[in-house]
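Please model the complete structure; the sequences and the hints are all you need to start from.
Number of protein chains: 2
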Amino acid sequence: MKFRRSERLIDMTHFLMNHPRKLVSLTHFSHIYQSAKSSISEDLVIIKNTFEHQGIGTVQTVPGAAGGVKYIPRVKKENAIQFVDHLCELISNPDRLLPGGYLYMTDLLGDSQILNEVGKILASAVADRDIDVVMTVATKGIPVAQTVAHHLSVPFIVVRRDSIATEGSTVSINYVSGSSKRLQMMSLSRRSLQEGSKVLIVDDFMKAGGTINGMIDLLNEFNATVEGITVLAESEFQEERLIDEYISLVKIKDVNVKAKQISVSAGNYFSGINEFL
Amino acid sequence: MKFRRSERLIDMTHFLMNHPRKLVSLTHFSHIYQSAKSSISEDLVIIKNTFEHQGIGTVQTVPGAAGGVKYIPRVKKENAIQFVDHLCELISNPDRLLPGGYLYMTDLLGDSQILNEVGKILASAVADRDIDVVMTVATKGIPVAQTVAHHLSVPFIVVRRDSIATEGSTVSINYVSGSSKRLQMMSLSRRSLQEGSKVLIVDDFMKAGGTINGMIDLLNEFNATVEGITVLAESEFQEERLIDEYISLVKIKDVNVKAKQISVSAGNYFSGINEFL
Chain R
1 MKFRRSERLI
11 DMTHFLMNHP
21 RKLVSLTHFS
31 HIYQSAKSSI
41 SEDLVIIKNT
51 FEHQGIGTVQ
61 TVPGAAGGVK
71 YIPRVKKENA
81 IQFVDHLCEL
91 ISNPDRLLPG
101 GYLYMTDLLG
111 DSQILNEVGK
121 ILASAVADRD
131 IDVVMTVATK
141 GIPVAQTVAH
151 HLSVPFIVVR
161 RDSIATEGST
171 VSINYVSGSS
181 KRLQMMSLSR
191 RSLQEGSKVL
201 IVDDFMKAGG
211 TINGMIDLLN
221 EFNATVEGIT
231 VLAESEFQEE
241 RLIDEYISLV
251 KIKDVNVKAK
261 QISVSAGNYF
271 SGINEFL
Chain G
1 MKFRRSERLI
11 DMTHFLMNHP
21 RKLVSLTHFS
31 HIYQSAKSSI
41 SEDLVIIKNT
51 FEHQGIGTVQ
61 TVPGAAGGVK
71 YIPRVKKENA
81 IQFVDHLCEL
91 ISNPDRLLPG
101 GYLYMTDLLG
111 DSQILNEVGK
121 ILASAVADRD
131 IDVVMTVATK
141 GIPVAQTVAH
151 HLSVPFIVVR
161 RDSIATEGST
171 VSINYVSGSS
181 KRLQMMSLSR
191 RSLQEGSKVL
201 IVDDFMKAGG
211 TINGMIDLLN
221 EFNATVEGIT
231 VLAESEFQEE
241 RLIDEYISLV
251 KIKDVNVKAK
261 QISVSAGNYF
271 SGINEFL
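Protein chains in written order, with our numbering: chain R, 1 to 277; chain G, 1 to 277.
These are calculated hints, taken from the structure and not from any lab test. It cannot be assumed that every hint is accurate.
A pair holds if it fits inside one copy or across any two, identical chains being indistinguishable in the list.
[Stated by the list, open to error] Calculated pairs, BS3-like style, for lysine-lysine (alpha carbon to alpha carbon, straight line, at most 25 Å): (1) Lys198 <-> Lys181; (2) Lys70 <-> Lys37; (3) Lys2 <-> Lys48; (4) Lys22 <-> Lys76; (5) Lys22 <-> Lys198; (6) Lys70 <-> Lys253; (7) Lys2 <-> Lys77; (8) Lys22 <-> Lys37; (9) Lys76 <-> Lys2; (10) Lys181 <-> Lys253; (11) Lys2 <-> Lys253; (12) Lys181 <-> Lys37; (13) Lys2 <-> Lys70; (14) Lys22 <-> Lys70; (15) Lys251 <-> Lys37.
Put into structure tokens, the structure is as follows:
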């Protein structure tokens, strides 16, 4: 069946969105739609322009015989600022206060719309880095890691604090939780990470950075390199932090249980990067 | 700025894909694109036809003043069969064998492309049910629940086997693991689920059904109702199963450690439902 331009644009948009960062040859599209490569090229120009104008991302062209196009999810700075403002407002709701000054954020980590935006914005920040795999720690890091990994089109792996039979042999390390100073254990399935992988560490929350430091130690055991660290939220921490290079979307500056006030601002996201559309 | 048809089709496809099951008024699109409602209507007919033809889903029209359109993700039966076949092939790889006859499936649960398909196919099966929230149990159920919840456009919540300060007060129950007959504990944050919610239970794996039975007991404590149970994989189980109504994508029929053979077939997915495009 031959496709009309309108049909091709719809189907290509769907395909590109489901396959971020994947190189697709023009021959592939030309074959599927029974259309000339020149028509496909014109389609892709329209898609690229619309994606960029609407803050969806960009379409990169890779020239040559082995070339093709790649959809790279990217955000517009104004859209990212608007979303982070909205996130700050949601987090500063005093209903989130829990005994001990903890904040209830589980609802945000179970909201597909929010996760989708978080994933796209965090992935945009590292779009130009060479990343093989996203790594996080169970339990709350998983939803954030999954959405970032989707937008980077790489697998994600999960470090556990327990050990179960369905993971096979594991590598374990002890680490000191930065804020509570307690000694804890974390382990990663040996099969889940290849030696020498380039890893992006993703987590929902960072205070002193002890858990993330533990993940870095664990990666050393696999001779893997840390290509970046991104967190949804960081919390103000008075003492010297164990981690200094990271990207955070929001920063929890102060939690006043007595006055029922939570002070939240944008994280270091906008100061560190310039990868916007 | 006025948009051309080609630009509208691309942007609307992106919007609908990011907002499954959300009712969007024609006025909304008409306002964004500075185009007449009649043009928007024509656009939506083209999108609906292409979505259906390409196995992306359908676009439902809700008439009336409060009406609009909704994108419902659905799959074509032939595409679902092809994907499930591929999944069976992946799972039957003898390299997955672990001591004790367990199977290593962690890589599949960290693959965004696979998860995206799994989520769309499982969500299609319950597309006509009225579901408020998806529930799963930590850790391995989370990626499957997240992708199903995304395609149903509802939140997902996570039952835990431990208890942490950032969840607030919890409701806990004891349950008997069906295959090991051990007594275990699971708990759910009280805030995470409203009384009377309609819940879809999602998990990665079911053997005797003890864990899922535990989740059903837990839902009773919230006066919530179970609207369905979907699992990625079920395992052959000789004794009477604790759960009888569920949807599974694949079925692990036999694991022979000595002969290094894993026998896998499609689950009951195709026998139970007719919700295909």
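Hints, verified against the model:
| no. | hint | verdict |
| --- | --- | --- |
| 1 | Lys198 <-> Lys181 | neither (29 Å within a copy, 42 Å between copies) |
| 2 | Lys70 <-> Lys37 | within (16 Å within a copy, 33 Å between copies) |
| 3 | Lys2 <-> Lys48 | both (23 Å within a copy, 18 Å between copies) |
| 4 | Lys22 <-> Lys76 | both (21 Å within a copy, 24 Å between copies) |
| 5 | Lys22 <-> Lys198 | within (18 Å within a copy, 38 Å between copies) |
| 6 | Lys70 <-> Lys253 | neither (39 Å within a copy, 40 Å between copies) |
| 7 | Lys2 <-> Lys77 | between (39 Å within a copy, 22 Å between copies) |
| 8 | Lys22 <-> Lys37 | within (19 Å within a copy, 36 Å between copies) |
| 9 | Lys76 <-> Lys2 | between (35 Å within a copy, 20 Å between copies) |
| 10 | Lys181 <-> Lys253 | within (21 Å within a copy, 47 Å between copies) |
| 11 | Lys2 <-> Lys253 | neither (58 Å within a copy, 43 Å between copies) |
| 12 | Lys181 <-> Lys37 | neither (61 Å within a copy, 62 Å between copies) |
| 13 | Lys2 <-> Lys70 | within (24 Å within a copy, 27 Å between copies) |
| 14 | Lys22 <-> Lys70 | within (5 Å within a copy, 28 Å between copies) |
| 15 | Lys251 <-> Lys37 | neither (48 Å within a copy, 43 Å between copies) |
In summary, the numbered hints that this structure violates are 1, 6, 11, 12 and 15.
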